[in-house]
Amino acid sequence: MALYVLRRLAIFVVSLFIASIFVFLVLSVLPGDPAQVILGLQATPESLSQLRRELGLDAPLWSQYLRWAGGMVRGDFGTSYISRVPIGPEITQRLLVTIPLALLGMTFALLIAVPAGVLAASRHRTKVDTFISAFTQTGIAIPAFWAGIMLIALFSVKLGWFPAGGFTSWQDAPLSAIRSLLLPAVSLALVQGAILTRYVRSTVVEITREDFIRTARAKGLTRSAALWRHGLRNASIPLVTVAGLQFAYLLVGAVVIENVFFLPGLGRMVLQAIGNRDLLAVQGIVIVLTGIVLAVNFLVDISYRFLDPRLRPSG
Amino acid sequence: MSDVAIVEQIESEAPSAGLPSRRTLLLGALLVLLIIVVALVSFVWTPHDPTLVSLQDRLAGPGSSFLLGTDQYGRDLVSQMMVGSRTTLFVGIIAVAIAICVGVPLGAVAAVRRGWLDEVIMRLADVVFAFPAVLMAILLAAGFGGGTVTAMTAIGISYVPVFARVTRGASLQILEREFVLAARAYAVGPVKNFVRHVLPNISHVLIVQGTIAFALAILAEAALSYLGLGTQPPTPSWGRMLREAQTYISLAPRLAIWPGLAIAVSVLGFSLLGDGLRDALDPKFAERGKGPR
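Just so you know, the protein sequences line up as chains Y and U, in that order.
Quick note: the first sequence uses the numbering used here, first residue 1, plus one each step.
Quick note: the second sequence uses the numbering used here, first residue 1, plus one each step.
Where hints are given, some of them may not hold.
Simulated restraints on C-beta separations [claimed, not checked]: (1) Gly70/Y x Arg23/U: 55 to 61 Å; (2) Pro233/U x Gln93/Y: 28 to 34 Å; (3) Gln173/U x Leu111/Y: 52 to 58 Å; (4) Ile18/Y x Gln173/U: 27 to 33 Å; (5) Ile178/Y x Glu119/U: 41 to 47 Å; (6) Thr222/Y x Glu119/U: 37 to 43 Å; (7) Gln173/U x Arg217/Y: 34 to 40 Å; (8) Ala280/U x Leu111/Y: 44 to 50 Å.
Note that these hints are calculated values from the structure, not bench results.
From a predicted model like this one, the values you see are computed outputs, not experimental measurements.
All C-beta atoms, glycine included, are put in the ideal place defined by N, C-alpha and C.
Turn these sequences into a full structure, and let the hints guide you.
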């Protein structure tokens with residue numbers, strides 16, 4: 001077991017390393033010159049080369065990479081070329097919006113998916129099943145950001161129940177912070193919920209054919225009781241896995257949704273950084289998001305080894 | 001099961017649920033055909049010039065002169081959406097083509113060679129898989145600027161791992177079969193052997209995966225254009241139209257409704273087509289569908 005965890009950990013570290021090289025190369029082997037961007041077109045060649053020296057841009061690529069990666073290991077993401085503000089603390093600040101949004105979205109998605117999926121499976125091949133399936137088919141086809149715009153049109157513009165966007169910080173008013181995350185989280189959950197419902201349904205349908213369900217039925221449990229009591233527990237392990245892996249898509253979905261609702265998260269930060277050609281900030285944000293995705297994959301991989309007794313080595 | 005395999009399962013194995021597969025296939029094919037026809041017609045005819053700015057017609061409601069009304073510049077909504085379907089199909093085709101042209105050979109090499117090369121290719125695929133399409137596009141847009149080409153390339157690259165995985169998995173089974181071994185015994189080279197004997201036997205898997213990837217590419221392109229990183233004005237694109245419509249959401253919500261519906265209908269069409277094709281082409285799924293209750 002320890003060996004397995006170590007092996008997965010090594011894969012995680014190597015993957016993050018390769019990803020960081022990839023991110024660095026895409027943004028470094030560019031025709032653009034950050035010094036030129038900062039000083040503008042009127043800059044003299046002398047001031048340009050002086051700034052390049054200050055920023056360490058005259059060093060060879062590999063040493064620039066080491067400086068950047070080494071800094072990140074210590075938690076230092078560098079200082080923005082444009083705003084001259086340290087990037088690391090700003091990313092941390094923004095994560096306080098993006099991560100809660102993604103988690104809330106996943107919670108809502110599971111609240112939709114588990115009941116709907118089990119219901120569809122327990123009424124396998126009936127009208128209920130067909131209805132839920134048609135519903136999830138449609139849900140998967142809807143872009144989450146469009147769902148967001150429609151929710152704004154209905155609940156903010158028409159009914160005025162929710163703010164159309166914006167965010168009050170957690171310190172100032174935690175309740176209203178949650179309130180401003182509700183609509184965005186629901187837009188994410190409608191789509192994720194549809195994807196997960198399909199998964200719950202097919203997993204539970206598979207489980208229906210297992211012997212232990214037949215035993216439970218023979219014991220006198222009804223079909224639904226057998227499924228809820230024994231089926232769901234067995235479906236929970238693959239569900240945890242899938243929910244974990246879908247978290248990557250939810251995180252990226254959150255990046256898009258933040259821009260619909262004007263939430264000050266990583267998604268807005270990265271778009272502003274692209275607009276300002278603030279490449280160092282983009283580098284930092286992309287590597288943080290990738291790191292989170294890889295870390296979740298790593299945790300999911302080892303967690304289902306722990307959760308599922310059948311996968312634990314017997315010795 | 002590896003991470004990627006599980007996600008692929010969601011995308012490709014989630015059964016076409018309770019819908020009868022024949023109807024799924026038919027409905028999907030009809031919707032896809034509809035979009036292709038609209039895109040083709042838009043080359044020769046649209047009700048109005050989609051980019052013509054006409055201020056006296058701005059935000060005109062639906063009526064006889066403008067079927068669905070006009071936007072804030074007085075441009076006809078129907079005409080813009082018709083031309084927008086071209087963008088959608090074009091991005092989807094190129095993105096899926098990139099994913100297939102890179103992913104299939106990589107998966108084939110991994111399956112045929114095995115050993116360390118297999119391990120390296122698949123590990124790299126795992127790393128690329130950690131960059132969902134939108135994240136990849138953000139990275140490329142920061143480097144090379146936003147645009148249709150950036151969006152297509154980013155979406156294409158992000159689906160390479162899926163095709164590499166699927167090709168490798170399906171090929172491994174076929175490579176064990178007698179007719180492939182026999183061909184090898186006749187000293188047929190590995191490339192020729194793969195193209196002639198393995199590829200035809202895994203093509204149905206690739207067609208299904210390609211159709212589903214197409215649906216996902218439409219969603220990704222819409223999101224990117226909405227963020228302003230995809231198709232740039234004045235080229236009409238559904239995602240871009242939604243971006244502009246949001247400003248006028250209280251004045252003219254219909255501007256935000258129709259392009260969104262167009263996206264949803266196209267994605268639905270391609271994903272139903274993918275599901276239907278899988279049931280039709282792959283006997284394994286048909287059998288599973290008919291299994292005992």
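Worksheet item: Among the hints numbered above, which are violated by the structure, and what are their numbers in rising order?
Response: Hints 3, 6, 8 contradicted; others consistent.
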